[in-house]
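Spelled out from the first residue to the last, the chains are:
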Amino acid sequence: MSRENTKFLVVDDFSTMRRIVKNLLHDLGYSNVTEADDGKTALPMLQSGNFEFLITDWNMPGMPGIDLLRAVRADAKLAKLPVLMLTAEAKREQIVTAAQAGCNGYVIKPFTAVTLKEKLDKIFDALGTPP
Amino acid sequence: MAAERPSVLHEKYGDRFEALARAYAAGQELEFEAELDELLRVRERSLFVEIGRLSRDLNAALERFTFDSRIVDLAEKDVPDARQRLAHVLTMTDEAAHRTMDLVEGACPLAERTRASAASIAPLWDEFRARRIEVRDFRSMLDQIDRFLADVQVDAERIRSNLSEVLLAQGYQDLTGQIIRSVMHLVEEVEQALGNLVRLSNTGEGGGSVVSHVPTDDAATEDVSRRGYGPPVPGVAHGTVVTGQQDVDSLLSGLGL
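Residue numbers (this note's numbering), protein chains in the order written: chain A, 1 to 131; chain B, 1 to 257.
Keep in mind that the hints were calculated from the coordinates and are not lab data. Predicted model, so just to flag it, every value in this text is computed and none were measured. Heads up, the beta-carbon is just placed ideally off N, CA and C, and yes, glycines get one too. Heads up, some of the hints might be wrong.
What the hints assert, rightly or not - Some chain B residues close to chain A (C-beta under 7 Å, calculated; not the full set):
no., residue
1, Gln173
2, Val183
3, Leu257
Unchecked claim - Covered by chain A, according to a simulated footprint, are these stretches of chain B (three or more residues, beta-carbon under 8 Å):
no., stretch
4, 100–113
5, 224–230
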C-alpha cells in the first residue's frame with residue numbers, strides 16, 4: 001500500500017473545516033477522503049468502510065472525538081487504525097488524555113498545511129508505510 | 001401571631017369550649033379531661049399545619065439560594081467572559097477577513113501579469129503562425145516567451161500557495177463557531193434564569209417552585225472535559241493551555257509519542 005492511496009475519514013462537525021482538511025489532503029496527493037460530522041456517524045462508517053486513517057476533531061455534539069478515539073481503540077478490528085486529532089482543545093491535560101487514549105498525533109487549530117503534512121508523514125513513517 | 005377573628009375562633013374551638021365549660025360547671029371530671037384533651041389536639045393540628053408551611057418556605061428559600069448563587073455566577077463571571085469571547089470572535093473574523101484580502105490582493109497582480117504577458121506575445125505569435133513574422137520580431141518573441149515561461153512558473157506557484165492559504169484562513173469559521181455556540185448556550189441559561197426570576201417575583205415569598213438545573217460540579221466537570229472546552233480565549237481562564245503546535249509537540253515527545 002502506498003501513502004497516496006490511503007483511505008481517509010475526516011470527522012469534524014464544521015463543514016468548513018472538513019472542506020479545508022479535504023482540500024489540504026488533496027494538495028498533498030491524498031485523494032481518497034470521506035467526511036463525517038461527528039463520532040456517532042463516523043464509528044459505523046469506520047467499522048464497515050475499510051478506512052486506513054482517521055483525522056478527527058475533539059469538540060463535537062453527539063459523540064466527541066475523544067470518545068471516538070476510545071471506541072476505535074476498544075474495537076479489535078480498528079484498534080491499530082492511525083488516528084490524528086485535529087482540534088482547538090488546548091488544555092495540557094486533554095493532550096495527555098488523548099495520548100493515553102492512543103492517538104498517533106495531535107494538531108492544534110489553527111494549523112498550517114506544513115504542520116498537517118509533517119504529522120501525517122511522521123505517522124506514516126512510524127507505521128512503515130512506503131511513500 | 002395576630003389575634004384570630006371571633007368567627008374563626010368560634011368555628012375552630014366553639015363546640016369544644018362550650019362542652020368543656022359545661023363539664024366544668026357540672027363538676028364532671030372525666031368529661032372535662034376528655035374535652036380538654038380534644039382542645040389540645042385541635043391546637044396541635046394547627047401547629048402541625050404551621051410547621052408544614054414553615055418547612056415548605058425553608059425549602060423554597062434553599063432552592064432560591066442555589067438559584068441566586070448561579071445568577072451571581074452568571075452576572076459576575078459568565079457574562080463578562082462571554083463578552084470577552086465575543087470580542088475575540090470579532091478579532092478573529094477581522095483577522096481572517098484581512099488575511100484573505102491580503103492574499104487575494106497579493107495574487108491578483110500575478111494573474112494580471114500573466115494575462116498581460118500572454119497578451120503581448122499573442123500578436124507576434126499570430127504573425128509567426130501565419131508565417132509572416134520579421135526576424136527581429138521573431139527574436140523578440142522568443143525572448144518574451146522565455147521570460148513568460150519562467151515568470152508563469154513562479155507566479156502560478158505564488159497564486160496556488162495564496163489560494164491554499166485563503167482556504168486555511170477559512171478555519172476561523174470553525175473556531176469562532178465553537179465560541180459562538182458556547183455563548184448561545186450561556187444566553188439560553190440566562191434566559192432560563194431570568195424566566196425563573198420573573199416567576200418568583202410573580203408568586204411572591206414562599207410561592208411557586210423554581211425550575212433550576214444546577215448540575216452537580218463533578219458531573220459537569222467530567223462532561224465538559226469529555227466534550228471539550230472549545231478554543232482558548234485570551235483573558236478567559238482556561239487552566240494550563242498550550243501556546244501552539246511546538247508546545248503540543250514537546251508535551252507529546254515528553255510522553256514518548
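These are the hints, each one checked on the structure:
A cut of 7 Å between beta carbons decides the hint on Gln173 of chain B: the least distance to chain A is about 4 Å, and the hint holds. A least Cβ separation of about 14 Å between Val183 of chain B and chain A goes past the 7 Å threshold, and the interface hint is therefore violated. Checking Leu257 of chain B against chain A by beta carbon gives a least distance of about 5 Å; that is within 7 Å, so the hint holds. Under a criterion of three residues with beta carbons nearer than 8 Å to beta carbons of chain A, the stated coverage of the stretch 100–113 of chain B fails, only 0 such residues being counted.
Coverage of the stretch 224–230 of chain B by chain A holds [criterion: at least 3 residues with CB-CB distance below 8 Å; count 6].
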